[in-house]
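2 protein chains.
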Amino acid sequence: MSERLAIVGGDAAGMSAAASARRRDESLEIVAFERGRFTSYSACGIPYYLGGLIDDVADLVARTPEQHRANGIDVRTGTEVAGVDLDRRELSLAGGGTVPFDRLVLATGARATPPPVPGAEAVEPVRTLEEAERFRDALDGDHGAVVVGAGYIGLETAEALVRRGLRTALIDRAPQVFGALDADMAEHVQRAAEAVGIDVHTGVALEEVLLDAGGRPRGVRTDRGELPARHVVLATGVRPDVGLARAAGLPIGETGAIAVDDAQRCGDGVWAAGDCVESRHRVLERPVNVQLGTHANKQGRIAGVNAAGGDLRFPGVVGTAISRICEREVARTGLTEREAREAGFEAVAETVESGTRANYFPGRGDVHVKLVVEEATGRLLGAQIVGAETAGKRIDVLALAVWHGMAVDELQWVDLSYAPPMSGVLDPALVAARAAVRRLGR
Amino acid sequence: MSERLAIVGGDAAGMSAAASARRRDESLEIVAFERGRFTSYSACGIPYYLGGLIDDVADLVARTPEQHRANGIDVRTGTEVAGVDLDRRELSLAGGGTVPFDRLVLATGARATPPPVPGAEAVEPVRTLEEAERFRDALDGDHGAVVVGAGYIGLETAEALVRRGLRTALIDRAPQVFGALDADMAEHVQRAAEAVGIDVHTGVALEEVLLDAGGRPRGVRTDRGELPARHVVLATGVRPDVGLARAAGLPIGETGAIAVDDAQRCGDGVWAAGDCVESRHRVLERPVNVQLGTHANKQGRIAGVNAAGGDLRFPGVVGTAISRICEREVARTGLTEREAREAGFEAVAETVESGTRANYFPGRGDVHVKLVVEEATGRLLGAQIVGAETAGKRIDVLALAVWHGMAVDELQWVDLSYAPPMSGVLDPALVAARAAVRRLGR
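Listed in order, the protein sequences are those of chains A and B. Using the numbering used here, the first residue of the first sequence is number 1, and each one after it goes up by one. Using the numbering used here, the first residue of the second sequence is number 1, and each one after it goes up by one.
Hint data in this document are derived by calculation from the structure and do not stem from the laboratory. One or more hints might be untrue.
[Unchecked claim] A partial selection of chain B residues facing chain A, derived with a Cβ cut-off under 10 Å: (1) 290; (2) 292; (3) 316; (4) 393; (5) 434.
Glycine is no exception: its CB is placed at the ideal position from the N, C-alpha and C atoms.
Construct all of the structure, not just a fragment, from the sequences and the given hints.
This is the structure in structure tokens:
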């Protein structure tokens with residue numbers, strides 16, 4: 001008799017695991033449980049849907065439940081798993097009943113964590129496609145919006161709301177927007193946000209979500225006064241959803257996410273992947289919890305292949321991320337200067353301004369590159385880029401340099417591509433590496 | 001008394017050497033000789049100037065002779081060096097007279113090599129800014145043009161001529177355009193060239209440049225018939241200009257370029273850099289002659305610093321190149337499939353089609369990625385990309401992977417950036433690496 005692989009969670013990690021297991025072992029019975037009605041969707045695309053760049057929420061679905069079923073995966077949407085019994089090898093469903101399994105992949109994702117202020121519980125999250133649809137349908141251009149939290153999601157969402165004609169304020173308790181960048185680089189982002197009309201308030205703490213008589217948001221109260229708004233979005237962060245894993249006795253790491261080994265294994269016949277797990281950070285050399293679709297996809301594949309008898313290993317992350325915010329491309333990899341110092345590195349930083357094309361070439365845009373370098377060795381610890389279109393993806397070569405622990409002394413000579421429509425004679429990464437070498441005094 | 005550094009050649013390599021030596025040793029006397037009237041110019045920009053994207057040829061000059069002089073470099077334009085006497089430590093000038101030196105940097109660049117057919121000698125090259133100015137001024141939209149040689153320069157030039165309204169034919173004796181790519185990838189380039197109106201003829205050999213009574217080109221005769229044209233461009237390749245070096249007894253390598261060590265040194269107190277020298281190819285593990293501004297800039301810096309008492313080393317090249325041709329971005333690094341086989345590698349190739357944005361994201365363009373992989377080890381030997389805007393610079397991360405001798409087994413997991421406006425959840429490089437791993441059967 002064939003064994004049964006159960007998968008909890010039907011988004012990137014879970015369905016990547018399902019598809020990979022299916023490909024590797026045709027005899028395996030595979031059943032996947034998803035609370036919502038969509039599978040394999042791009043949560044990263046939600047701000048663009050909200051902003052109207054994408055019309056139909058269904059466009060964000062890479063593979064429907066029907067398509068997965070046609071691939072031999074028993075997908076059960078609208079089905080919440082309430083408990084995992086590892087000894088009896090069975091799942092209990094929220095709607096009642098149990099489902100036995102032999103092997104298990106947990107891909108339970110993350111949950112929004114509303115800030116602990118009065119009224120926050122009345123604000124609907126905008127994390128799933130269902131929530132995004134409801135939120136967009138309810139948008140009312142005659143009223144203002146407040147977005148709380150100026151990270152990626154907060155900025156992308158504020159931009160979307162401005163695009164839809166809403167007067168939009170963005171507040172964050174930190175003294176800068178975009179905490180994933182150092183303050184000097186984040187300034188470029190704040191200016192871009194303000195340029196498209198977002199009313200940015202940093203260093204402002206949310207104290208209450210103000211509700212009307214019907215219990216619906218009518219604004220926010222901050223330590224600097226009140227902001228009226230019909231629409232309130234709380235983008236103050238998400239936490240790995242580890243309730244099932246914790247209750248089942250699976251290991252939870254210091255980050256609050258499920259602790260897995262590099263095979264994505266977290267227990268006997270149990271694997272986990274995606275937003276709910278820890279990943280090893282190759283520079284910090286410790287586990288981190290990074291919630292990104294690209295990691296979810298890779299880890300899901302590894303979990304699925306291994307659950308089907310394979311042996312793939314996840315080699316870790318270096319903290320790479322990218323976003324397009326208010327016409328600017330914003331990217332980072334490795335550690336910021338602040339993160340490097342916090343982690344105990346003796347680091348120096350160097351920032352250069354270069355361009356997306358040769359100086360003389362029409363349509364040249366700016367590329368600001370900041371490198372963070374270990375002082376004694378010259379090792380590249382991290383990089384940040386803010387710039388015009390095509391600036392952002394230039395982070396990838398720096399991500400690979402960080403991945404390999406490369407020193408700027410070598411990086412400055414690497415054979416990167418050059419043609420006038422795409423860069424100066426030295427790519428911005430090389431310009432930055434050369435400047436960093438000088439900064440190191442060698 | 002201060003020593004004198006003489007530099008022969010005032011373009012990227014030579015003036016980069018001059019400026020770097022100046023920075024390192026303020027006491028050094030530096031004199032640079034340039035045949036033409038421009039210094040530090042972008043020859044790579046010439047096709048864009050011809051096409052009218054750039055109005056003024058002076059825009060292609062990064063630094064004028066006056067600017068170099070203000071920096072303490074004695075630049076002598078319009079001055080050709082006719083001989084180097086290493087024993088007497090003096091240069092002889094074509095216009096007469098000698099100039100003593102203590103140290104020497106040769107940056108003599110490359111020369112067009114007209115094909116050995118009748119009439120070719122009557123065709124003016126379009127290599128320098130002076131030549132480009134003359135050529136553009138003489139362009140006559142009422143007549144056609146023929147470009148011979150469908151490499152980078154030939155394609156870029158043919159595109160420029162079409163942009164200026166000339167009926168333009170492009171011929172090459174090879175069965176494909178763009179020999180720097182494998183034939184399957186070059187097909188995309190040929191289609192793009194034809195789409196903008198270039199009349200492409202491959203497998204056609206030039207037999208004669210036909211001249212009118214005044215000795216000016218009136219067309220070409222090929223092994224497939226005649227093509228009339230008022231303008232004929234011979235883009236059939238360039239050779240390193242090593243006449244001075246050879247006559248001086250400096251070592252010339254098998255590639256026909258000056259043989260230098262990794263300090264760019266080729267003799268006692270003599271360094272060389274740029275189009276005229278050999279570089280070590282890190283995959284082939286042998287010297288190659290690659291003529292690119294980016295190498296010239298780097299090697300010039302190394303030569304200049306070392307000539308001023310420093311110790312920098314050039315770590316070699318991996319054959320990276322990029323171009324924008326007829327709205328397509330075209331890039332390569334490492335070895336093509338053909339080059340890998342010719343070099344004796346047991347190689348397999350895999351090609352994928354991916355996109356510049358997520359599937360659902362507006363404005364998504366195509367990205368074709370071909371990887372060439374060593375069969376036994378999975379080591380990435382080379383990569384090629386053809387695609388829409390933003391496709392090309394994605395070669396850089398693959399260039400760095402080739403640089404490090406990385407295997408696709410590891411590459412497929414690298415933490416590259418992802419956001420819907422810039423890629424699918426897996427970057428095209430990762431999609432290609434994953435496909436290559438499958439192709440290897442593991």
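Okay, the hints, checked on the actual structure:
| no. | hint | verdict |
| --- | --- | --- |
| 1 | 290 | holds (9 Å) |
| 2 | 292 | holds (7 Å) |
| 3 | 316 | holds (8 Å) |
| 4 | 393 | holds (5 Å) |
| 5 | 434 | holds (9 Å) |
Taken one by one, the earlier hints all hold for this structure without exception.
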